[in-house]
Amino acid sequence: MTFFPEEVLEHIFSFLPSHQHRNSISLVSKTWFKVERLSRHRVFVGNCYALTPQRLIARFPRVRALTLKGKPHVADFNSVSPHWGCFVFPWIVALAQNCPSLQEIKLKRMVVSDNSLDLLSRSFPNFNSLVLVGCNGFTTDGLAAIASNCRLLEVLDLQENEVQEGISQWLSCFPESCTSLVSLNFASLKGQVDLTALEKLVARCPNLRSLRLNRTVPLDMLQKILVRAPQLVDLGIGSYVQQTRSESYVKLCNSVLNCKSVQNLSGFWEVFPPCLPAIYPVCWNLTSLNLSYARGIRGLHLNRLIRQCQKLQRLWILDCIGDMGLEVVANTCKDLQELRVFPSDPYNAISSVTEGGLVAISIGCPKLHSLLYFCLQMTNAALITIAKNCPNFTYFRLCILNPKMPDHITLQPLDEGFGAIVQSCKKLRRLSLSGFLTDKVFLYIGMYAEQLEMLSVAFAGKGDKGMLYVLNGCRNLRKLEIRDSPFDDAALLADVVKYERMRFLWISSCEVTLGGCKALAKKVPMLNVEIINEEDQMEENPDDSMKVEKMYLYRTLDGPRKDAPDFVWAL
Amino acid sequence: MSPPLLGVGEEEEGQSNVTILASSASMDSVGQNSSELKERNYMGLSDCSSVDSSAISGVSNESKSRMNLKATELRLGLPGSRSPERDPECCLLSTAELNEKPLFPLHPSADGIFSSSQKNIVSRNKRGFSDAMDGFSEGKFLANSEVNVMLSPRPTPNLGVKPGSAKESTGAPAAKMKEIASPKIGQDRSRAANETSPNHMGSANNGNSAPATKAQVVGWPPIRSFRKNTLATTSKNTDEVDGKAGPGALFVKVSMDGAPYLRKVDLRTYSAYQELSSALEKMFSCFTIGQYGSHGASGREMLSESKLKDLLHGSEYVLTYEDKDGDWMLVGDVPWEMFIDTCKRLRIMKSADAIGLAPRAVEKSKNRN
Numbered sequence: 002m003t004f005f006p007e008e009v010l011e012h013i014f015s016f017l018p019s020h021q022h023r024n025s026i027s028l029v030s031k032t033w034f035k036v037e038r039l040s041r042h043r044v045f046v047g048n049c050y051a052l053t054p055q056r057l058i059a060r061f062p063r064v065r066a067l068t069l070k071g072k073p074h075v076a077d078f079n080s081v082s083p084h085w086g087c088f089v090f091p092w093i094v095a096l097a098q099n100c101p102s103l104q105e106i107k108l109k110r111m112v113v114s115d116n117s118l119d120l121l122s123r124s125f126p127n128f129n130s131l132v133l134v135g136c137n138g139f140t141t142d143g144l145a146a147i148a149s150n151c152r153l154l155e156v157l158d159l160q161e162n163e164v165q166e167g168i169s170q171w172l173s174c175f176p177e178s179c180t181s182l183v184s185l186n187f188a189s190l191k192g193q194v195d196l197t198a199l200e201k202l203v204a205r206c207p208n209l210r211s212l213r214l215n216r217t218v219p220l221d222m223l224q225k226i227l228v229r230a231p232q233l234v235d236l237g238i239g240s241y242v243q244q245t246r247s248e249s250y251v252k253l254c255n256s257v258l259n260c261k262s263v264q265n266l267s268g269f270w271e272v273f274p275p276c277l278p279a280i281y282p283v284c285w286n287l288t289s290l291n292l293s294y295a296r297g298i299r300g301l302h303l304n305r306l307i308r309q310c311q312k313l314q315r316l317w318i319l320d321c322i323g324d325m326g327l328e329v330v331a332n333t334c335k336d337l338q339e340l341r342v343f344p345s346d347p348y349n350a351i352s353s354v355t356e357g358g359l360v361a362i363s364i365g366c367p368k369l370h371s372l373l374y375f376c377l378q379m380t381n382a383a384l385i386t387i388a389k390n391c392p393n394f395t396y397f398r399l400c401i402l403n404p405k406m407p408d409h410i411t412l413q414p415l416d417e418g419f420g421a422i423v424q425s426c427k428k429l430r431r432l433s434l435s436g437f438l439t440d441k442v443f444l445y446i447g448m449y450a451e452q453l454e455m456l457s458v459a460f461a462g463k464g465d466k467g468m469l470y471v472l473n474g475c476r477n478l479r480k481l482e483i484r485d486s487p488f489d490d491a492a493l494l495a496d497v498v499k500y501e502r503m504r505f506l507w508i509s510s511c512e513v514t515l516g517g518c519k520a521l522a523k524k525v526p527m528l529n530v531e532i533i534n535e536e537d538q539m540e541e542n543p544d545d546s547m548k549v550e551k552m553y554l555y556r557t558l559d560g561p562r563k564d565a566p567d568f569v570w571a572l
Numbered sequence: 395m396s397p398p399l400l401g402v403g404e405e406e407e408g409q410s411n412v413t414i415l416a417s418s419a420s421m422d423s424v425g426q427n428s429s430e431l432k433e434r435n436y437m438g439l440s441d442c443s444s445v446d447s448s449a450i451s452g453v454s455n456e457s458k459s460r461m462n463l464k465a466t467e468l469r470l471g472l473p474g475s476r477s478p479e480r481d482p483e484c485c486l487l488s489t490a491e492l493n494e495k496p497l498f499p500l501h502p503s504a505d506g507i508f509s510s511s512q513k514n515i516v517s518r519n520k521r522g523f524s525d526a527m528d529g530f531s532e533g534k535f536l537a538n539s540e541v542n543v544m545l546s547p548r549p550t551p552n553l554g555v556k557p558g559s560a561k562e563s564t565g566a567p568a569a570k571m572k573e574i575a576s577p578k579i580g581q582d583r584s585r586a587a588n589e590t591s592p593n594h595m596g597s598a599n600n601g602n603s604a605p606a607t608k609a610q611v612v613g614w615p616p617i618r619s620f621r622k623n624t625l626a627t628t629s630k631n632t633d634e635v636d637g638k639a640g641p642g643a644l645f646v647k648v649s650m651d652g653a654p655y656l657r658k659v660d661l662r663t664y665s666a667y668q669e670l671s672s673a674l675e676k677m678f679s680c681f682t683i684g685q686y687g688s689h690g691a692s693g694r695e696m697l698s699e700s701k702l703k704d705l706l707h708g709s710e711y712v713l714t715y716e717d718k719d720g721d722w723m724l725v726g727d728v729p730w731e732m733f734i735d736t737c738k739r740l741r742i743m744k745s746a747d748a749i750g751l752a753p754r755a756v757e758k759s760k761n762r763n
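So the protein lines, in turn, are chains A and B.
Mind the numbering: the first sequence is residues 2 to 572 in this note's numbering, read in order.
Mind the numbering: the second sequence is residues 395 to 763 in this note's numbering, read in order.
Hints should not be assumed to be uniformly reliable.
List time: in silico PhoX-like cross-link candidates among lysine-lysine, alpha-carbon distance up to 25 Å [stated by the list, open to error]:
#1 A:Lys-519 x A:Lys-499
#2 A:Lys-107 x B:Lys-622
#3 B:Lys-622 x A:Lys-109
#4 A:Lys-389 x A:Lys-335
#5 A:Lys-441 x A:Lys-427
#6 A:Lys-261 x A:Lys-335
#7 A:Lys-201 x A:Lys-191
#8 B:Lys-622 x A:Lys-252
#9 B:Lys-744 x B:Lys-718
#10 B:Lys-647 x A:Lys-252
#11 B:Lys-718 x A:Lys-252
#12 A:Lys-389 x A:Lys-428
#13 B:Lys-622 x A:Lys-191
#14 A:Lys-524 x A:Lys-563
#15 A:Lys-480 x A:Lys-427
#16 A:Lys-480 x A:Lys-523
#17 A:Lys-466 x A:Lys-499
#18 A:Lys-225 x B:Lys-718
#19 A:Lys-441 x A:Lys-428
#20 A:Lys-466 x A:Lys-427
#21 A:Lys-466 x A:Lys-519
Since the hints were derived computationally from the structure, they do not count as laboratory data.
Please work from the sequences and hints to get the whole structure.
Right, here's the structure in full:
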């Protein structure tokens with residue numbers, strides 16, 4: 002194999018589908034390593050602190066598409082201060098100096114400043130794709146820079162970021178010469194956009210496939226857009242409010258009839274449900290429907306809409322659909338693969354979905370493999386039934402809204418239910434637990450969940466054995482987050498070697514002490530152990546026996562990070 | 395666990411003083427560990443016991459009378475902690491006069507843990523774990539918690555419960571805690587069931603008509619902050635838009651056979667068939683449709699065969715409407731909301747002309763029966 006010329010190797014490697022595969026083959030020999038690294042154009046970095054930008058560029062100098070993930074998953078839920086880190090600016094600076102041919106950047110949970118966006122927009126002449134998910138720190142001025150300067154922009158996809166309003170009307174900054182847009186998603190922005198500019202932009206971009214509007218875009222503008230872009234495949238509706246007798250609405254009905262390609266539908270940030278029939282014509286072809294922000298669609302209107310969508314594979318919905326609505330889904334959407342049921346009123350613990358709805362889904366939709374389900378109650382019997390009906394789960398995330406709820410009929414812990422899930426679903430890669438759980442569930446997880454890569458634990462367990470079962474049993478575990486559970490130093494220190502194979506370990510509000518973390522840090526020099534110490538919990542010279550509020554442990558090639566704020570202690 | 399109790403407490407706050415007294419009695423039976431938490435009835439039925447937090451209690455009495463009962467809830471922990479995802483309703487409570495600075499920790503003192511060093515208190519109170527264990531009170535919501543604890547004697551039985559279990563969680567291995575928790579679940583539930591309307595699911599579902607916010611654990615439930623913020627701000631907006639309110643008025647023409655001119659009515663100003671019928675009656679005084687029920691269900695009872703025939707023969711006119719498809723339908727068959735969606739115009743028809751329609755209605759009601 003080493004006698005192949007490098008060009009041939011490079012060509013062969015180009016068929017490898019994922020970076021994991023490329024990582025593996027680069028270990029074969031020095032030649033392969035070299036060929037692979039010089040030919041890798043798409044680079045994935047799961048933790049931006051695992052290595053410095055310089056190291057990345059040194060290894061992959063020809064990177065054209067970079068994905069960077071920043072804060073840990075729990076940061077999404079306000080458990081990590083916004084100043085904790087994951088600033089993209091140093092990365093942009095380094096890339097601007099060394100990789101001018103960069104084309105695509107995708108950032109998740111990172112702090113992105115307007116300066117970063119500005120530098121980005123001016124440094125890479127071939128730049129065409131910016132995807133920001135769950136980021137913060139920028140305003141519409143940064144977006145204006147992107148719009149103005151990225152001549153070949155194809156993708157601007159903003160998902161659930163916290164964007165502040167700046168001064169610029171960013172959408173108006175797309176020059177007349179910009180005709181290359183393929184995907185524009187500004188659904189999560191709060192501010193007004195210039196509607197005339199929007200219509201003109203849509204009109205001059207013939208390749209536009211995906212357009213997601215925010216709530217300030219009214220229904221009559223939607224109609225005009227559909228006239229200009231009947232080729233849309235992915236449509237996110239902004240405001241959907243109109244008198245059904247109005248001319249606008251009638252026009253919309255006609256315009257929708259021309260949109261034969263729509264497969265993804267989302268949005269409905271404001272909705273007058275009697276207008277929904279106008280979009281029925283596209284429903285038969287929908288594979289993905291995201292109504293998780295559409296609080297106005299419920300009851301009969303929702304059920305009627307769902308009944309139109311028989312090809313649905315992915316459904317994101319609010320829990321006001323209720324068990325009855327889930328039965329409609331189960332009867333209609335036989336191809337359903339992914340279901341997410343979000344809570345519409347989580348802090349008042351009001352929910353119309355129960356374990357019954359989920360059981361109905363499991364009966365009607367055997368292809369289901371990805372689930373996120375918020376509810377108020379669950380039973381072991383239901384989970385066992387679900388496990389039997391849907392053995393294909395790869396993602397199973399169940400969140401019972403109130404912590405430590407047992408089986409609401411038998412008052413037993415939910416160990417058996419989750420145990421059935423891990424036993425039956427051999428391909429399970431991600432699991433989130435909730436409800437009242439003892440160590441038994443971890444025993445089951447350790448025994449059966451061999452493919453598990455990510456585990457989220459909250460308010461669970463009795464002692465420290467739980468973590469040991471998991472660490473010993475789940476060989477593929479890469480991400481582990483534990484909160485408010487009785488894991489202590491003994492569990493933390495029992496098998497530290499395992500942590501080197503993981504991307505991160507997050508522990509908060511458990512029984513882990515500062516002394517334990519220090520001991521851990523000594524044992525694993527290749528890992529960063531950070532204590533997040535917000536709100537001055539610990540004084541200057543804290544006692545080692547103090548319990549640690551948040552500990553974040555991750556592997557890294559470049560030692561403790563230099564940009565940690567004061568409240569983060571690197572041990 | 396304590397969740398049902400929480401829900402119970404909050405419901406009772408909305409009820410009469412008598413209930414509070416009753417709850418005070420039950421408090422004794424719980425066996426308060428903490429001597430600092432006495433029965434307090436801030437509705438003025440009994441004397442306030444003196445307490446360390448007298449300053450706060452005075453203030454919070456006023457706030458209690460001022461504020462909505464729906465904001466009362468049990469949150470425990472030290473005052474002065476941040477609470478990043480506070481609900482707007484909680485903010486009402488928290489911004490009311492209570493300083494962020496720690497004054498006294500009610501919860502820790504109840505636990506008896508407060509005797510140890512400040513550090514321990516701090517670390518104890520930031521924990522979601524034991525607090526959540528005891529009903530999702532959280533150290534971050536301290537400002538709220540103090541007020542609420544004092545203002546709601548009902549929930550203080552929780553505190554009686556809590557110290558025991560909280561102590562378990564700190565001192566002893568967690569195993570004990572769970573064991574204690576489980577029997578308490580039964581206890582709490584039976585107590586709750588006895589003392590309040592059983593309006594709670596297995597969780598702290600606030601049966602209040604006012605949406606009382608619960609004690610919140612930081613970072614739980616695990617919802618992205620973007621989604622959380624969006625839900626909070628849009629709840630009002632969408633409520634206005636969906637369903638009844640709709641965009642503006644909905645005027646439809648009403649014609650009556652033989653009348654020289656037509657009228658227009660705004661269907662949105664009515665919420666049921668009865669109202670529409672009365673209004674039309676007034677407008678066209680020789681007209682009666684009062685028999686139609688406001689909903690298919692009640693209409694069923696009305697539209698028995700004999701009754702309908704009597705109606706039609708007794709009165710000269712029937713009310714019909716033209717729907718979106720252009721068909722003329724009898725008013726009253728479908729639920730009101732569906733009716734106003736589909737109705738384009740109304741016509742008061744002579745019953746002779748309506749013969750084609752009426753039997754359908756009778757058949758429909760037959761089918762329903």
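We went through each hint and held it up to the structure:
1. A:Lys-519 x A:Lys-499: The hint holds at about 17 Å.
2. A:Lys-107 x B:Lys-622: holds, 23 Å
3. B:Lys-622 x A:Lys-109: Status holds; Cα separation ~18 Å.
4. A:Lys-389 x A:Lys-335: holds, 17 Å
5. A:Lys-441 x A:Lys-427: holds, 19 Å
6. A:Lys-261 x A:Lys-335: holds, 22 Å
7. A:Lys-201 x A:Lys-191: Distance of about 21 Å is within 25 Å: holds.
8. B:Lys-622 x A:Lys-252: violated, 35 Å
9. B:Lys-744 x B:Lys-718: holds, 22 Å
10. B:Lys-647 x A:Lys-252: Since the Cα atoms of Lys-647 (chain B) and Lys-252 (chain A) sit roughly 23 Å apart, the hinted pair holds (cutoff 25 Å).
11. B:Lys-718 x A:Lys-252: holds, 16 Å
12. A:Lys-389 x A:Lys-428: holds, 14 Å
13. B:Lys-622 x A:Lys-191: At roughly 14 Å apart (the allowed maximum being 25 Å), Lys-191 (chain A) and Lys-622 (chain B) satisfy the hint.
14. A:Lys-524 x A:Lys-563: Holds, at roughly 21 Å.
15. A:Lys-480 x A:Lys-427: Given pair Lys-480 (chain A), Lys-427 (chain A) holds - Cα atoms ~18 Å apart, limit 25 Å.
16. A:Lys-480 x A:Lys-523: holds, 21 Å
17. A:Lys-466 x A:Lys-499: holds, 15 Å
18. A:Lys-225 x B:Lys-718: Within the cut-off at roughly 24 Å; holds.
19. A:Lys-441 x A:Lys-428: holds, 21 Å
20. A:Lys-466 x A:Lys-427: holds, 23 Å
21. A:Lys-466 x A:Lys-519: holds, 21 Å
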